[in-house]
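J.: Chains as they are written, first to last, in this note's numbering: chain A, -7 to 331; chain B, -7 to 331; chain C, -7 to 331; chain D, -7 to 331; chain E, -7 to 331; chain F, -7 to 331.
Treat the hints loosely; a few may be bogus.
Chain copies aren't distinguished; within one or between two, either way the pair holds.
[Stated by the list, open to error] Mimicking DMTMM-like on lysine to aspartate or glutamate, the simulated pairs with C-alpha atoms at most 25 Å apart in a straight line are:
{"hint": "1", "residue 1": "Lys98", "residue 2": "Glu39"}
{"hint": "2", "residue 1": "Lys327", "residue 2": "Glu309"}
{"hint": "3", "residue 1": "Lys136", "residue 2": "Asp306"}
{"hint": "4", "residue 1": "Lys42", "residue 2": "Asp219"}
{"hint": "5", "residue 1": "Lys41", "residue 2": "Glu71"}
{"hint": "6", "residue 1": "Lys42", "residue 2": "Glu142"}
{"hint": "7", "residue 1": "Lys166", "residue 2": "Asp315"}
{"hint": "8", "residue 1": "Lys250", "residue 2": "Asp194"}
{"hint": "9", "residue 1": "Lys42", "residue 2": "Glu302"}
{"hint": "10", "residue 1": "Lys24", "residue 2": "Asp300"}
{"hint": "11", "residue 1": "Lys18", "residue 2": "Glu148"}
{"hint": "12", "residue 1": "Lys28", "residue 2": "Glu330"}
{"hint": "13", "residue 1": "Lys279", "residue 2": "Asp306"}
{"hint": "14", "residue 1": "Lys136", "residue 2": "Asp321"}
{"hint": "15", "residue 1": "Lys327", "residue 2": "Asp30"}
{"hint": "16", "residue 1": "Lys153", "residue 2": "Glu73"}
{"hint": "17", "residue 1": "Lys144", "residue 2": "Glu73"}
{"hint": "18", "residue 1": "Lys24", "residue 2": "Asp51"}
{"hint": "19", "residue 1": "Lys64", "residue 2": "Glu90"}
{"hint": "20", "residue 1": "Lys157", "residue 2": "Asp226"}
{"hint": "21", "residue 1": "Lys197", "residue 2": "Glu309"}
{"hint": "22", "residue 1": "Lys232", "residue 2": "Glu271"}
{"hint": "23", "residue 1": "Lys279", "residue 2": "Glu78"}
{"hint": "24", "residue 1": "Lys279", "residue 2": "Asp315"}
{"hint": "25", "residue 1": "Lys24", "residue 2": "Asp226"}
{"hint": "26", "residue 1": "Lys70", "residue 2": "Asp30"}
{"hint": "27", "residue 1": "Lys165", "residue 2": "Glu256"}
{"hint": "28", "residue 1": "Lys157", "residue 2": "Glu271"}
{"hint": "29", "residue 1": "Lys105", "residue 2": "Glu142"}
Hints in this document: simulated from the structure, not taken from any laboratory.
Given the structure is predicted, the values throughout are model-derived calculations rather than measurements.
Protein chains: 6
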Amino acid sequence: MSQASIGDMLNDKAKEQMKNMSDSNKNISEFKAGEKADGFYLIKSFEVKKTTNGKQYIDIDLVDKTGEINAKIWEYSKETESIVAESAIVKVRGEVLEWNGTKQLKINKIRGKLSTDTIKINELIPSAPIEPSEMLTAVKSYAKKINDSEIKLLVENIMKKYESKLFYYPAAKKNHHSYMGGLLYHTLRMLQSGDKLGQVYDFLKMDYVYAGVILHDICKIIEMDSDEYGVVSDYTMEGKLLGHIIQGIKEIEIEGEKIGLSREKSIILQHMVLSHHYEPEFGSPKKPMTPEAELLHFLDIIDARMYDFEHALDIVEPGQFSDKIWLLDNRNLYKPMEQ
Amino acid sequence: MSQASIGDMLNDKAKEQMKNMSDSNKNISEFKAGEKADGFYLIKSFEVKKTTNGKQYIDIDLVDKTGEINAKIWEYSKETESIVAESAIVKVRGEVLEWNGTKQLKINKIRGKLSTDTIKINELIPSAPIEPSEMLTAVKSYAKKINDSEIKLLVENIMKKYESKLFYYPAAKKNHHSYMGGLLYHTLRMLQSGDKLGQVYDFLKMDYVYAGVILHDICKIIEMDSDEYGVVSDYTMEGKLLGHIIQGIKEIEIEGEKIGLSREKSIILQHMVLSHHYEPEFGSPKKPMTPEAELLHFLDIIDARMYDFEHALDIVEPGQFSDKIWLLDNRNLYKPMEQ
Amino acid sequence: MSQASIGDMLNDKAKEQMKNMSDSNKNISEFKAGEKADGFYLIKSFEVKKTTNGKQYIDIDLVDKTGEINAKIWEYSKETESIVAESAIVKVRGEVLEWNGTKQLKINKIRGKLSTDTIKINELIPSAPIEPSEMLTAVKSYAKKINDSEIKLLVENIMKKYESKLFYYPAAKKNHHSYMGGLLYHTLRMLQSGDKLGQVYDFLKMDYVYAGVILHDICKIIEMDSDEYGVVSDYTMEGKLLGHIIQGIKEIEIEGEKIGLSREKSIILQHMVLSHHYEPEFGSPKKPMTPEAELLHFLDIIDARMYDFEHALDIVEPGQFSDKIWLLDNRNLYKPMEQ
Amino acid sequence: MSQASIGDMLNDKAKEQMKNMSDSNKNISEFKAGEKADGFYLIKSFEVKKTTNGKQYIDIDLVDKTGEINAKIWEYSKETESIVAESAIVKVRGEVLEWNGTKQLKINKIRGKLSTDTIKINELIPSAPIEPSEMLTAVKSYAKKINDSEIKLLVENIMKKYESKLFYYPAAKKNHHSYMGGLLYHTLRMLQSGDKLGQVYDFLKMDYVYAGVILHDICKIIEMDSDEYGVVSDYTMEGKLLGHIIQGIKEIEIEGEKIGLSREKSIILQHMVLSHHYEPEFGSPKKPMTPEAELLHFLDIIDARMYDFEHALDIVEPGQFSDKIWLLDNRNLYKPMEQ
Amino acid sequence: MSQASIGDMLNDKAKEQMKNMSDSNKNISEFKAGEKADGFYLIKSFEVKKTTNGKQYIDIDLVDKTGEINAKIWEYSKETESIVAESAIVKVRGEVLEWNGTKQLKINKIRGKLSTDTIKINELIPSAPIEPSEMLTAVKSYAKKINDSEIKLLVENIMKKYESKLFYYPAAKKNHHSYMGGLLYHTLRMLQSGDKLGQVYDFLKMDYVYAGVILHDICKIIEMDSDEYGVVSDYTMEGKLLGHIIQGIKEIEIEGEKIGLSREKSIILQHMVLSHHYEPEFGSPKKPMTPEAELLHFLDIIDARMYDFEHALDIVEPGQFSDKIWLLDNRNLYKPMEQ
Amino acid sequence: MSQASIGDMLNDKAKEQMKNMSDSNKNISEFKAGEKADGFYLIKSFEVKKTTNGKQYIDIDLVDKTGEINAKIWEYSKETESIVAESAIVKVRGEVLEWNGTKQLKINKIRGKLSTDTIKINELIPSAPIEPSEMLTAVKSYAKKINDSEIKLLVENIMKKYESKLFYYPAAKKNHHSYMGGLLYHTLRMLQSGDKLGQVYDFLKMDYVYAGVILHDICKIIEMDSDEYGVVSDYTMEGKLLGHIIQGIKEIEIEGEKIGLSREKSIILQHMVLSHHYEPEFGSPKKPMTPEAELLHFLDIIDARMYDFEHALDIVEPGQFSDKIWLLDNRNLYKPMEQ
């Protein structure tokens, strides 16, 4: 049952089956044991299994923006089989059960997304708050600000090479910006901050700041395998054995040679990529030796932390603390009361 | 021989003595063994000593913006004694000697600064690149941006309390911003950066950002003893036993109570001061738990690092590396070639 | 259902229900699956929940000195509702079940503590081995030994302020001395040890030793929220954002100012509180700079460790090792054989 | 020129030479360049050297309780040669010179200690404040308190074995208690403290506390080579390759076997020695697993720290800070003002 | 039910029962829920338990080379009781069940190993790939290469003392070489590597290399309690309180004294044992001070790591990564594709 | 005065001057103050300076295999100027002086090396104990053992590229193998050890072992600037900003692409280079994930350590300890007594 089956046409019987389904769309995070569930969800993965009695059933992991739940289809027709596919958007009706504190959805009805359904992908899966094409345009406008024509060409060539994947790649497998378009969003906010701090610290060479930001994480695209929804299944073989920092350095070396980029500029940019994680134990065997490389590190970490704080406090009431957040050294964050 | 003797009137004979002195002003960093030296310098400290023969001489440490040198006056009159005072600006003529690789100035002539001399203090001693009064006005304008009237009053009261010392206090005994007006300059640049990053990360509560920046280091004024030239002789007793972070927390607690600042706001501001060094081993037993406290840390460290990089590279030729810089983990910084 | 309902009078019917209940009191640690349980326990917390069938039941956590167990009341009357309250002492009869290795108590009968029941609170909950009033008297006698009248007044004022809470506050949320009266017991044993070591190291200024011990942890009372049984529900907002060390410093600063305590003495005492955890990563940004502060740290840690060792070995047979103890870096402690 | 030459008889001529020497005894720490020096000192080491002109002279290091100075005898007779010996006490007269900030003594006259001189060794060299024989008696009285006859016999046997060296061995080559009798003094104070804390923590098995204290450092005697003045020239070969902890364990194993000490007791005592430095990086690969081993560590460190604090503050004025003390993590200690 | 019951004779009825059992031998790692299982396994441990209904059953842990499974015998006769013994080899037939993702074997038939069964112990339990007697001969041949007669005698004496246990002792409780004969296998491979590297680094004193390797871990035999199948139940009391490094040092000291081994050689060998873990936190308070001690450490770690890598990659397909391996700092190992 | 002036012809007068010079060749390490010195040395660096009197003199650093000394030529002719050149071999006669404990050579006569002088460069400067050409042949023979033709071609191509520099490059600026031919010698010994350990651990893929060893440090040639005597003046710009590990990875990537090396093999080799320093803080952000990469690390460190131990003990007497060796964590190494 391949990816190609997403959006397969439904036959009449299936349409008939579906017509009683209400329009209510319930978020996964709101599921309560003993209640009905109804709505559009994305199939993250599925498997056909057998009970101990030898009866086949479908085991599915469903996601939406708010969470994830395991679901079962105990009885199903051939038509159902053609609907269930990885990354397919489906409309589902069922009952929420609870088993040892873990919720599970028993699916009673399921159909594929119809052309008349207005549900959009970014309503179903976590994604950056700005449209990818808009972000790409913005990032390109910063690339255009680069005065040095060699550096500008390098940056534009590398961006072109990865442009189609930039539309959906996340910035990480998990943690900050690990959602569709996250890599682009992370890059854009760092460019905005870099631009502004360049006004305060006006001795900085902005060509390196802009180029460094755009290139610093771009090889995450070849470090990780992401589907078109920004979900990373795994790291690649080269990603595991070398990592995006080493990959990014080679990218600049090779693409730089192609366009005759001066060794000086190439090495400085490679050094920026090499040193941007700052600490050896986080992957940077050299510390920044230019002010632009130093700033790059702080632009990176500020954007990650602001992301983490904003999202962690989203679900906290004013005057309350969050749970301990592992990513932030187990801190309990505090949300100040509204003034 | 007290501070009060700076600028003592010279008698006629002394004036006569001085009239052959050229206008050339040589920087201490340019002194070469075997050459003459001539110029205005600041007396950092001095002591009257005796040779093994029992003859009195004056041992002086002279500074200017470029460095420091030990000097001796072997023969001198009563008039000279009245000129030599700590923190006095003097015009000196002598010869540079070298002893085991260490330079020393043998002073032949010395006089105090005349009212007709146009030399200014900030030409002689390291100081912030902006006039203190201008910086103070700028910092106050950020304080005015605070919407919450309680927090604004707190900030303004504390600034008022320390205003006269803000004119000259450095931000450190040594290291970054350890010059006259350095504390104010450091504060101002952090405010500028905070203001700008607040435009990128627009969920931040800017009242806390502005107040946190202004208050975070203000108790360095009671942690260190600085003279009016921004030279710190030592830490205070309370500074050594508690430190400016603890002092700053108490300041907010007490001044907050005086104006009826709500506990919530007072504690949040105290927490910002407490956590701004981020790591326990650098003095912060708690890590930031609000996004504004988190940002405060990065504003602080970025400003320190940009200062360090800018100054370390000042004296490096393009295409060359600096010496190892202890403050920056012994990095050799690189100054890119001009493009 | 408020705290006020503890000890509510039972109506006749309830009394009738109870009269068959035996006097046997079984410790929670001795509960075995499949057996009956009967005895007095403290209600740590409870919640009214619904089964998937919509039927209400009460979910209770019961504790005694030996442990804790989750219990359910599936059928209950209005009278039962009035009995079940947080921190109430109840007499319970039921059956012990086991579910995936976890024990649970099915409560068949429950009643409140009668005035005729002789059970005492310190038989039901973990508490210090000495009566609070006796401990308080002892601690006060050490305060009286302070020769310096200013320091003595400071210590007595602060003790008076927190006296009522000293009766039951534990020294921690968990870990050492985390039981009713634990803070006082910890303080008292440190005073005893300090007194004795002061005889060996007779150059020590005992005024600072006694004052430092009494004040070092006293702001745990405003760092944590404890009920009157020494059970800490959570840290306070100020406790989380600042911590008892910072709070203790402010306490001394402010109370010291009120009575005109000299700056010298106030700062030395504040420094003792600041440095008593010794390592930055445990909350002390400054290391002890006076011998009395140095000793304070060791008095604190010795008392904590002796507590940990004594309690860990309580349940070990001579000639055997304890399990790994996380608090003590996963050591297996050894209990020597009786000689 | 051997040790045996200490106290050689002086011939008449030498006596004549000396008779003008005054009785004034000047401490080395008070030597000032350009002044005369006169007094009794101990010869720490000496060497006969040649000038570039081929002329022989004697190069001597002199010490007293207050410090150490290098001295030269440029002209000398055969008699002088017989006086100068390592560890000899001599009376010296000379002039203090200064060379690049380092003081040196030019010796004009020197003679050996006469039987009529009342100077005592502990007036000349650093040593414990109690007489060795008195300390030994006190330590033995603690050994007698051990109830278990096997453990008591073990302790007494080992003490007997090293008794003659215990009279003068220091506790260290440098750092705390690195003076004559220091090992005994350190042991005694730990016994006193252990005795007292055993009254507070009355569950402790005092036999192990006393035995552990007496044995914990006793193999420093075979780890280091000390002369009879408590000056350690070097560590022994076995000391360097194994260290006193390992040596102490073997001592207990072997001496225990000789007297039929039970394996249980032997291993527990060996474990106490093994774990008393607490941290692997300080030489203890195992952490204490019995409460007595845990306490032993704290008795050890408290005594070392109290020694360090007391001595560091000896030379500090009330209300002042000491210099940075490397041994104490570069802390500046504070000496409170007298009240 | 003692160890002696292994291989108890089966009565006729039992033989009858067994005769239908097929010869198929299924590995534990291949067990699938819902399928039959049949084969020879080793009883690691067992316990007679009761159901909540009071019915007795036997709870057994079975192992073979491929894994471990919990099994239950719900119905059984007296004969069965005599068969079930710790470390017994049994033939078993049953059904594999699954419970919350954990497999369990329901045993229907069980019998002891018959004299006619050809199953060997090293087919059932993890063990070194070479016969113990063969390994022992090989290790002894290296001991014979030692030229120094004292050192050779020491090594041979100590080996003789532990020879019977060397046949089966593992090198660890878990981790590398934690199987039957593992200690001998680890020792042998280190000897082979040491021999070869001695050809490259020909300044090494091979007597110390061979002796050091043979003695470095030999006291694991008195640090751990292993049964004759190389399964370690626990560490010994002395093992926990001192550890095999300290035990090995004492062994050399004492056995060396017996044969008059020179102090020099004894201490050098003790130092090799002491330092072979290299880092204090891994148990070596001294770092190697001879080249032979230095090499010993690397021989040890190379053999451990090669073992870990070989075994971790055994179950990985070429071109794939292993799971994260905790022992190897959570690395995912990669198995290169066959070329 | 350029390198080209080495070996300039001497005119007759100079020859005359030299003819009285004896043939004795004194090692720098044997120089004693007040004695004559005479022999061949290498000029490491030199500078023409002026005395305070304005008189020119030549300041030279001379080296031989045993050490280094600063020398001065106070009087000299034009001919002398043509002789003195960096890296020139010269014959020198003079007197050894001493100044504050530092020796200095006053040169009275100096001439260049004559064609009739039989002195060889490796008698004057530290160099590997095997002839470079012999080492190169040996290394190539290991490269030939590689079975995989792609990997063999890669290795041979990269070796060819750097062949001329391999003849003299050291393996480091200082520390182990920092002498002429050191890189080749280090590589060869690692190949020998790898070959031998591959016989013990026969599951290893030797192609990767041989290739990994040859390539692991080869980019030290572009990381450091070495003269033809193996003396490194500095690191290169790319060396400082990236380092030889990153440079080596790029080398394999680019050279691999040229010959169509499969991605799998290229990445595995790059990973070996990346991980061979093992710890992030030593430059390896990834730990080895293949057994061959793991072994490579140990081959590298064993060779470095054996080098350090052998050289440190060279100058130690049997039965003695070396001084503390900073490179080896300040260990004092022990040289066992000859047996």
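J.: Determine which of the earlier numbered hints do not hold for this structure and return their numbers in increasing order.
T.: 3, 4, 6, 8, 9, 10, 11, 12, 14, 15, 16, 17, 23, 25, 28 and 29
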